[in-house]
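> Each chain is listed here by its residues.
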Amino acid sequence: MEIHSPMAGIVLRFSVAVGEEVASGQEVAVLESMKMEVPVTAEAGGRVEALSCEPGAFVQEGDALVVLA
Amino acid sequence: MSSRDEIAARRAAIEAGGAEKYHRQAHERGKLFVRRRLALLLDEGSFVEDGLFANDLAGDLPADGVITGLGRIDGRPCAVMANDSTVKAGSWGSRTVEKILRIQEQAERLEIPLFYLVDSAGARITDQIEMFPGRRGAGRIFYNQVQLSGRIPQICILFGPSAAGGAYIPAFTDVTVMVEGNASMYLGSPRMAEMVIGEKVSLEEMGGARMHATVSGLGDALLASEEEAIAWARRYFALMPQNFRGAPSAAVPAAPPAADLDAIIPENQNQPFDMHLLIGALLDEGSFLEVKELFAPEMIVGLGRLEGQVVGIVANQPKAKGGVLFVDSSDKAARFIWLCDAYNIPLVFLADVPGFMIGTKVERQGIIRHGAKLITAVSEATVPKYCVVVRKAYGAGLYAMAGPAFSPEATIALPTAQIAVMGPEAAVNAVHYNHIQELRPEERPAFVAQERRRYQEDIDIRRLASELIVDQIVQPAELREELVRRLSATPSRHAAAPPKRHGVPPV
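Chains as they are written, first to last, in my numbering: chain A, 1 to 69; chain B, 1001 to 1507.
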């Protein structure tokens, strides 16, 4: 399952690491967009399989940020 | 059997609705019989019904599949129409339509709210000449809804399908409450979609209640059961007046639970926080009824009470998408502002907004015309409006949140609030871009920091108050009391429309 970016912006940081278990509703990343910090949360739980980019990268709305197994 | 007994027997049969197997099927889906729904909605013993014997001679179409009449809720008169899905799946024949038209006309004459309890498969195609195209055909239902809009509250509870043309009934009401798993709205069924455009999709995915509550914006509330949906509608009704001539009734004031607002609202403009916490600390305890909670959550709208008086809250939510305004958030707020303005409900705007979203995606979606629609609604609203700048109102976000140019009764700022075309970081970049490029890289940070400080001073809230741009600066803990006093000082507002037929609003 992929967790998508809710809006366009820059990935400020990931709050989880590959291999980590995340719960539904847990923050997985923080974007910066329109000068605001935008937390991104998991809609369902799972184990982090991959992070889709490096912090600092630009992402568009709907881009995958975190892949859960 | 004497004719008296025959009538009594027919009446009992009609009141029992359709065949037993349809009752059983409905029960298995968690659906209540239509008369049970009415009993839950209305005060006990208050319901009077017309057209019970509609289409009786057909034999198998009790009440022609719709129940209409008058009743009371908390003692207040209202009108209802309610589909009976045990009768030909709640489909519409000519008398069904006529009964709906008559209850609409009666609600209009009496100027009382009208409930639509919808659970219908749509038109009976076999009866189409009698019920579809004519002057008193189904189209007239929608025509009437448009005429009634803004005169009396129109409230829809959607228990099952509202298909094809029938899907417009919920769309034209002020508010639509949906029961998850059973409610649906769609123009063409999944079977039709597969035949016509080759799309394989489930009903739930295409037109289910959750989809409408989260994506299309047609659902104003999503509830797990029929009982909860009816309870939600009753709460909403209590916050509405009988018609446009009056304001909603006051309730016994209830103090909000104690909260440390200084801890809730971060000073750092870029940090998210949960605006619900501020709303909860401002309004009477337990009074907030959020509308479209699951749709465009970056904007919060809902009805609540301040010292017993009903107000409409329009608030940015920094926790979702940074509180930035999008196409859907503009849509959501515009419709809510029109609702409050129609029914004499003062509006409290809680601004914490970085502005409208930028970029190709939103420009192609028409963010400018949707933003213009929101600003139109703000401009047109003649109920008392209060603009509270919580932390910031940047750019056209200030206009969308009823800033000083939009005739609020007052613009109130918290001590850390900022009002500007844009935030300091973006502004320094915009104004000094060329100069920054000319500087050696090691000189840049100091220059940028100095210019940001200068900019901060320029938009300082004391300066804005000194220039009479904001009318008052209050501490977060004083905000509720400030709003309560201001509301009681401005109970009504003179609203003369400028002479014209109507504007040409952007949509």
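Hints in this document: simulated from the structure, not taken from any laboratory.
We treat Cβ as the ideally placed atom computed from N, Cα and C, and that holds for glycine.
Do not take every clue at face value.
[To be verified] Where chain A lies over chain B, by a calculated footprint (3+ residues, C-beta under 8 Å):
| no. | stretch |
| --- | --- |
| 1 | 1311 to 1323 |
| 2 | 1345 to 1359 |
[To be verified] Simulated crosslink set (EDC-like; lysine to aspartate or glutamate; CA at most 20 Å straight-line):
| no. | chain 1 | residue 1 | chain 2 | residue 2 |
| --- | --- | --- | --- | --- |
| 3 | A | K35 | B | D1043 |
| 4 | A | K35 | B | E1451 |
| 5 | B | K1361 | A | E54 |
| 6 | B | K1319 | B | E1267 |
[Stated by the list, open to error] Label-pair ranges, simulated between beta-carbon atoms:
| no. | chain 1 | residue 1 | chain 2 | residue 2 | range |
| --- | --- | --- | --- | --- | --- |
| 7 | B | E1228 | A | Q26 | 26 to 36 Å |
| 8 | B | A1224 | A | Q60 | 26 to 36 Å |
| 9 | B | N1434 | A | R13 | 29 to 39 Å |
> Against this structure, judge whether each hint is valid.
We went through each hint and held it up to the structure:
1. 1311 to 1323: holds (count 6)
2. 1345 to 1359: With 5 residues close enough to chain A, the hint holds.
3. A:K35 <-> B:D1043: Violated. K35 (chain A) to D1043 (chain B) sits at ~52 Å, over the 20 Å cutoff.
4. A:K35 <-> B:E1451: 17 Å, holds
5. B:K1361 <-> A:E54: The hint is violated at about 23 Å.
6. B:K1319 <-> B:E1267: Distance of about 15 Å is within 20 Å: holds.
7. B:E1228 <-> A:Q26: 26 to 36 Å: 28 Å, holds
8. B:A1224 <-> A:Q60: 26 to 36 Å: 35 Å, holds
9. B:N1434 <-> A:R13: 29 to 39 Å: 32 Å, holds
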